Amino acid sequence: MKGQEWYQADDIAEEYDDKRFSRGGQLIDRREKTAVLDALGPLEGKNVLEIACGTGRFTVMLAEQGANVVGLDISAAMLQQGRKKAHASGVDDSLEFLRGDAGRLPFPDDHFDTVVAMRFFHLADDPAAFLSEMKRVAREQIVFDTFNRFSSRSVYNWALPMGSRLYSANEVSVLLAKNSLELVDVEHDFLAPYGLYRAIPNVLASPIRTLDRAVGRLPLTDHLMSVSYWNVRV
Amino acid sequence: MKESLLEILCCPLDKNDLELEDAEYDDSSEDSEILSGTLVCTACGERYPIEDGIPNLLPPDMREESPA
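Going down the list, the sequences are from chains A and B.
Sequence positions in the first sequence follow UniProt numbering and run 1 to 234.
Sequence positions in the second sequence follow UniProt numbering and run 1 to 68.
It is worth saying that the hints were derived from the structure and are not from the lab.
From a predicted model like this one, the values you see are computed outputs, not experimental measurements.
Warning: the hint list may mix true and false statements.
Unchecked claim - PhoX-like, lysine-lysine: derived pairs with alpha carbons at most 25 Å apart:
no., chain 1, residue 1, chain 2, residue 2
1, B, Lys-15, A, Lys-135
2, B, Lys-2, A, Lys-46
3, B, Lys-15, A, Lys-178
4, B, Lys-2, A, Lys-84
Only chain A is shown next, with the shape it has when bound in the complex (with noise of 0.2 Å):
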């Protein structure tokens, strides 16, 4: 896996969510989580595994929803900014936070209802494996993110502290297809990257992501877009 050094360490992790997602960070937060909860319908009671959790923004909105969730990570730096977050919320009763391996996951096979794996395929470097693995443990659906070859994406992503895989359409389409995973619906947005929006200040940030918006809007704009939200059912 890559990066993995790097988002381990505690002092990366403290920093993480002012570091991503203040500023314009905050509209793709946004964009993200709607993408997430659009994808999922109703939480009562589900039961969600989120792969790669991180700090567990996702984790934490999804229980405050009311499913059981549970967050699994590599980075103990960053289940424990979770773990703050999730007391901080008051979920600690329907969420758990664990460390294991996306592609060895120490669930049974179907005990989860969703499988929710956001900014993940882009650092697996064997991404049909994790696919497959998502599955063993999934009864109904996966929801997950893919960062686009043909886009802005690949401009800014030289610049990344831990390099990134990009996928086009077609090879999410021959992943699902390898799996038997059958794609309900996708979304796909943002003609400029996410560091982009990182970079600029709060006043830019809106107005671009109109123009973003509306340029998308545009037809055949559709794959060169730099971000896909993916959901597919078991």
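Put chain B on the given structure of chain A with help from the hints.
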């Protein structure tokens, strides 16, 4: 972790049941929160530590002492 998590956890290597050993509980919480202990696979005997309340189910080859 809460004791109820044990019901769903299994060994990441062979998916067999785990047994809890040397558990230390957080007295301040009502629902038996486990702060430390060891989860042991009932089949292969592999041991998984619970550290600061978080179970570490990383397979042995992915733990800190071995190169990532």
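Could you check the structure against the hints above and give me the numbers of any it violates, in ascending order? Hints that this structure does not satisfy do not exist here, as all of them hold.
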